[in-house]
Amino acid sequence: MHALTKIKQDLSLTMRPVFGFMVLGIFWGSYAALAPQIKAQIGAGDGLFGTLLLMSALGLVTAMWLAPRVDRHLGKWGLPLGAGLLALSFAVLGAASRPLEFGIGMVLAGAASGLTDVIINARVSEAEAAYKRPLMSLNHAMFSFAYALAALSAGTAREFDASALQVFLGLGVIVALALPILRSPSFLVGASRDCAMEQVVDLAPFWSGLVIWPGLVVMFGFMSEAAMESWSALHIERSLGGRAVEGAIGPFMLGLTMGIGRLAGHFLTQAHDTLRMVSRAALVSAAGAVIAAFAVTPEMAYTGFAIQGLGVSIIAPLALGLAGQLAGSGERTRIIARVSVIGFAGFLLAPATMGWMAELASLRVAFGMIAVILLIIPLICARALRPLSPARGGQEGRISGV
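Residues in the sequence shown are numbered from 0 upward in steps of one, following numbering that gives the first Met the number 0.
Among the hints, a few may not be true.
Once the Cα atoms are required to be at most 30 Å apart in a straight line, the calculated DSS-like pairs of lysine-lysine come out as [to be verified]:
1) K75 with K131
2) K7 with K75
3) K38 with K131
4) K131 with K7
5) K5 with K131
Don't read these hints as lab results, they were simulated from the structure.
Using the sequences and the hints given, assemble the complete structure.
Right under this line is the structure:
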């Protein structure tokens, strides 16, 4: 009961960003379950489909560069703008009947996701600094639970012959009704916010260790996540002969276990070494990817995806929280934006690389490649991030409370 009360209290501190995380979750969770249908709808092979997923990079990187400026000029209306663009972009994806149309939709989806993600992560990082308590993992858990529920719901809708467009239009109506409650003002107010925004102009260049190393950890974590999002349903349906709803259970298990893992991380980070937790989580996630790669039944694949999701769940939020903690208050939005640019490259590279590997070899080989990539994370934590923590964290090599 005490834990539940604490969760409610912490959620109340960042309620509007929480809704932003949930909006991202319902759209991307639905997309994960609908990916096999959309792929068939546009008539794309594995390699072409993977390449088209890269189109989101055009919108994503542009939006993340512009997000701090949008945040400064639109203030509390930045998040509703991002949510509205999400609804529009996924309607385009659902209506796509040709590869070009799908590519345009991915550009829009990337832009909307990038804008929304930077704003909500910056708000949570601001709240962590304001309230002196860890909130990042909890907020990301809400994304994961929304993702899981949406994936299962969309997969069930497929069983009843609902189209991708119908699903996304329905979600769009829900988001449109919720736009007023998505207004999310900064936790920095008045002169403090103006001063912070003025200080971000020339700070934290991309080559700074405060940006590169957390960014790479986020990127490898997102690669694991994106591989499951885009290809788990296809792996179950095509490699293992599962039905539509069985395929949807793959991303559902991802979202569910990621949500559980992030809730656990919300409490564990208050008493445990963050970098050690990230390293161990990467090893767990790699083991899950191996199980999924060698699965011979849908149930075995579910187990692998569940373990992979449980491990990867805390990697990105802890690394983003770490970047925000290492930054000064005036640097926070810009550093998180730049870390996110690097990190979200994982969402771009993984789906495309998985498609190319599936075309050249198989999806089993592709998931094995993800396991190898995850093993790089413990090396970064030990060799690159650990030396930064005493200098900026002030806790003798231990970064906690992220």
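Evaluation of the provided hints:
Taking the CA atoms of K75 and K131, the gap is near 22 Å; set against the 30 Å cutoff, the hint holds. Pair hint K7 plus K75 holds up; C-alpha atoms about 23 Å apart against a cutoff of 30 Å. Annotation: proposed proximity of K38 to K131 is violated, straight-line Cα distance about 45 Å (limit 30 Å). Distance check on the hinted pair: K131 and K7 sit about 16 Å apart at the alpha-carbon level, within 30 Å; holds.
At most 30 Å may separate the alpha-carbon atoms for a hinted pair to count; K5 and K131 meet this at roughly 14 Å.
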